[in-house]
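A.B. asks: Residue strings, one per chain:
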Amino acid sequence: MKLELQGISKAFGSFYANEDIDLVVEEGQIHCLLGENGAGKSTLMNVLYGLYEPTAGRILVDGKPVAFRGPGDAMAAGIGMVHQHFMLVPVFTVAENVALGAESTKAGGFLDLEVTRRKIREISDKYGFDVDPDALVEDLPVGVQQRVEIIKALVRNAEVLILDEPTAVLTPQETDELLDIMRQLKANGTSIVFISHKLREVKAVSDVITVIRRGRVVGDAAPDAETTELASMMVGRAVKLTMDKDPANPGEATFKVKNLTVTSATGQRVVDDLSFEIRRGEILAIAGVQGNGQTELTEAILGIQDRVAGSITLEGRELLGRSVKQILGAGIGFVPEDRTVDGLVSDFSIAENLVLDLYDKAPFAKGISMRPAEVAKNAAARVAEFDVRTPSADNLASSLSGGNQQKVVMARELSRPLRLFIASQPTRGVDVGSIEFLHRRILAERDGGTPVMIVSTELDEVLQLADRIAVLYKGRLIGIVDAGTPRDVLGLMMAGVAPTEAEKAHQDTPDDLEGEIA
Amino acid sequence: MSQSELSPGSPPPIHANTIDEKPHGTWERITRGPGLVSVLAVFVALVLGGLLIAATDPKVATTAGYLFSRPSDFFQALWAAGTDSYVSLFQGSIYNSRQGFEPFLETLTVSTPLICAGLGVALAFRAGLFNIGAQGQIIIGAVMASYAGFAWHLPIGLHLLLVILMGVVGGAVWGGLVGLLKARTGAHEVILTIMFNYVALYFLDFLLNTEAFQRPGESNPISPVMDPSAVFPALPGSRLHLGFVMAIALTLLVSWILKRSTIGFEFRAVGANPAAARTAGVNVARSTILVMALAGALAGAAGVAQVAGTEKVLTAGIAASLGFDAITVALLGRSTPWGTFLAGLLFGAFRAGAVTMQISTGTPIDIVLVVQSLIVLFIAAPPLVRAMFGLNRKAKSRPPTKPKHAAPAPAAPASQGGGA
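So the sequence lines, in the order shown, correspond to chains A and B. For the record, in the first sequence the residue sitting at position 297 is 297 according to the working numbering, with numbers rising by one throughout. All you need for the working numbering is the position in the second sequence, starting with 1, plus 1000.
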């Protein structure tokens, strides 16, 4: 099946998320949509999948124009989509999830799951998916859940499969498996639209790469294009992907976490007996696949987690049991993992957001009276220092792009003398151009003698910044290794393999993808 | 009109590649939308109210009988019926040639408790809380103030101060209890305030049948008259009392709290994004309690205005429907202090003028309630109002050949912002 998009535009009010986009997906091709977060890739796919109505333009299937009024129409036309966040019912079995919305029935309207089970086994055998139709979805690892999503699409006879950032939730090993599956699907004639901003994967699997920037197609590229070339197409200017940094000059360990355990409301140990130390002037990166206890760990340090046991000390003082205000007051700078939820008040001005946790301290307040002149002065200084691109600091934070919002959060947290700096996903959804800037600021903080803790699910970022790397798996510390540890070893550790074994496994197998990394 | 007030029309942030097409939630759109919607909502409600008046007018009915032979008669009658009522509403609330601006003084009097209670609702709105409990807070404020007014006998000046203090504290406790329960147990403030309204209402009924509150020698549920030293001095020749100055002062105070104080910053942060507020070290529980206490205090001041201003006694109907009108006033004022002040004046004018309107044109007072209700209806559905005035169409028909650049444009130009 050949899929064509012609002149697709999608506007939200006066804002164009997609503008005049042409795209041709040939049969049996893996077509990659490369672009930064917010470039309009997902919007485009939602238009294609019938979730959004395009403002202008048309969609053609095998040369015939089609109009999708919803995902049902798109599915009927042979388009399947695997969303970044899975659309599965956790308490249903695989077969029930797959059947949902396209149930086979026996006489009298009774559900016939046997048909679905057979189809699942067929597909599973064909591609080596290894999925049990009767397993509960909530018991399956993320990678397998993703395969269930793919099966769902294939059972509905999808000839074009859209994968929206499929690797965001996977370990490096799971990612490689997914790439293999994609190649197999392609060999069987299924076209794939692969959405990603990770150059390594894109280069490894694509036939054609279309680069999207600010809602427009900037051009096509071949998969053997230089990484730096792809990156600069994505960003719109030349970027440096690697950064030189001086070796760390660590001092004494001032931040200590001992036997930290966080229990969830359902009684699970989401952080399990964690102990580590961070020295002054070093960066400890916490690596791991999303959802392995990183959020709970940082929130426990900040004091917004309940059911915490153990000890967290900064320069000898116990932090556990104190209020957030006291903990921040002890000299901790905190960049939360999701800036739009925890880091910013989008209805507040940039200036107000820049004092969000300093509003009641001098010089911004005197008693309970705030001093707008000081707030404005601070805003002007921070906006200039961090190069926040905005016409005015009085504009709402919601008017900023993701990268500039992150700069605001970082500017606020780095604008006072710190004894500990914690940043979760410091560059998530930030354009490549700003990443370098933010990384430099983090390194500058380290070089100033502050212990720094970076939590990131992006291995590239971990390798870029870390002096030491701690890997979390299911809330437990798998090990703390040096910054020079190979990618594959870290990948295995992220899947729960102990460092010594991971090292051994690494030496036994030749690297395949490693060579393709620039 | 500042850009921030127009924000619902501004483009979504560039990272908004989610299913949600709206940059703001329903809550923000209803409580904090552009002032233009308020103005249009009032206008539409008045027009519809006028049509309703005309529809029940006997002359309109008669002329409709021969509409096709002489349509001009019908339209003249229609116009006359609608406008006559509003002219007399105006004469009863602002100015007429016989009394001069005397009716306006009555408008100010009636709007005083509406403004105070409206401020309380608006302040809670800004902190993300739906304070339905102004009614109960007014009642408790009025009970405490009136008791201080008729049971204690104190020197002039001091007595009135204590009356005000008692009323404000009463309202603050009543509101603060709701905040405390919400912060400690997670109970929803809407349920709590509704129940607190009932408790306050029947508690008042009960009190008025006790010896402490009943007027000696009376079997009716009415309290003794408050001491002359316990009531607001009035402007000679009118009912306008010093309570109106209190309403102005409270508007200034709330404006200061929201714009210039650290607690106001906390309130607004908690209201706009509680997760971010908590991460930034704001004690959300404390903020909730404090804002509900302040909201209650403001409603309590409305209770004071009732007993120490206009009524001078405590009756079962002391709060009338003030607490519920206050919600409307706050919504109409877009939860801003001065917007609430103006909305309070408008509703005060409706009330004050309605009597004159009924006397001179025979239009029932209830039509004012219909208009008020229509206003709320239109405020709660901004897209409806915008659609009526074609404000939505303007944004849609913009040719796609000349799009705005996809860069994160700060906000649409003011002329289109409200409707984009």
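Honestly, the hints are just simulated from the structure, not real lab data. As the structure is a computational prediction, the values presented were derived from the model and not from experiment. Treat the hints with caution; some may be incorrect.
Below, in silico cross-link-like pairs of lysine to any residue (SDA-like), each with a Cα-Cα straight-line distance of 25 Å or less [as the list claims (entries may be wrong)]: (1) B:K1259 - A:I368; (2) A:K361 - B:S1255; (3) A:K2 - A:A77; (4) B:K1259 - A:A380; (5) A:K377 - B:T1310; (6) A:K325 - B:R1260.
Computed Cβ-Cβ distance ranges for the label pairs, DEER-style [said to hold, decoys possible]: (7) B:V1245 - A:K325: 46 to 54 Å; (8) A:D139 - B:L1384: 54 to 62 Å; (9) A:A330 - B:I1222: 55 to 63 Å; (10) A:G329 - B:L1158: 41 to 49 Å; (11) A:A330 - B:L1253: 31 to 39 Å; (12) A:D394 - B:L1384: 45 to 53 Å; (13) A:K377 - B:V1245: 31 to 39 Å; (14) B:L1158 - A:K325: 33 to 41 Å; (15) B:L1369 - A:K377: 44 to 52 Å; (16) A:K256 - B:L1384: 54 to 62 Å; (17) B:L1384 - A:V66: 29 to 37 Å; (18) B:L1158 - A:A309: 50 to 58 Å.
The beta-carbon is built from N, C-alpha and C at its ideal position, and this holds for glycine as well.
A.B. asks: Are the hints correct? Go through all of them and say.
C.D. replies: Status of each hint after checking the structure:
For the suggested pair K1259 of chain B and I368 of chain A, the alpha carbons sit about 12 Å apart, so the restraint of at most 25 Å is met. Under the criterion of a C-alpha separation no larger than 25 Å, the hint pairing K361 of chain A with S1255 of chain B is consistent with the structure, at around 21 Å. Distance restraint check for K2 of chain A and A77 of chain A: the Cα-Cα separation of roughly 11 Å lies within the 25 Å cut-off, and the hinted pair is therefore satisfied. Proximity of K1259 of chain B to A380 of chain A is assessed by CA-CA distance (about 20 Å); at most 25 Å being required, the pair is judged to hold.
Of the supplied pair hints, the one linking K377 of chain A and T1310 of chain B is violated, its CA atoms being roughly 48 Å apart against a limit of 25 Å. About 21 Å separates the Cα atoms of K325 of chain A and R1260 of chain B, which keeps this hinted pair within 25 Å; it holds. For V1245 of chain B paired with K325 of chain A, a C-beta distance near 38 Å fails the hint of 46 to 54 Å. Checked against the given bound of 54 to 62 Å, the beta carbons of D139 of chain A and L1384 of chain B, roughly 48 Å apart, lie outside it.
Distance hint for A330 of chain A and I1222 of chain B: a CB-CB separation of about 60 Å, consistent with the stated range 55 to 63 Å. Look at G329 of chain A against L1158 of chain B: about 43 Å separates their beta carbons, and that is inside 41 to 49 Å. Look at A330 of chain A against L1253 of chain B: about 35 Å separates their beta carbons, and that is inside 31 to 39 Å. Between D394 of chain A and L1384 of chain B, the C-beta spacing of about 31 Å breaks the proposed range 45 to 53 Å.
As the Cβ distance of K377 of chain A to V1245 of chain B is approximately 36 Å, the hint placing it in 31 to 39 Å holds. As the Cβ distance of L1158 of chain B to K325 of chain A is approximately 40 Å, the hint placing it in 33 to 41 Å holds. Between L1369 of chain B and K377 of chain A the C-beta distance comes to about 51 Å, which sits within the given range of 44 to 52 Å. For K256 of chain A and L1384 of chain B, the Cβ-Cβ distance of about 59 Å falls inside the hinted range of 54 to 62 Å, so the restraint holds.
Roughly 33 Å separates the CB atoms of L1384 of chain B and V66 of chain A, a value that falls within the hinted 29 to 37 Å. About 56 Å separates the C-beta atoms of L1158 of chain B and A309 of chain A, a value consistent with the hinted range of 50 to 58 Å.
This entry does not satisfy hints 5, 7, 8 and 12, going by the numbered hints stated previously.
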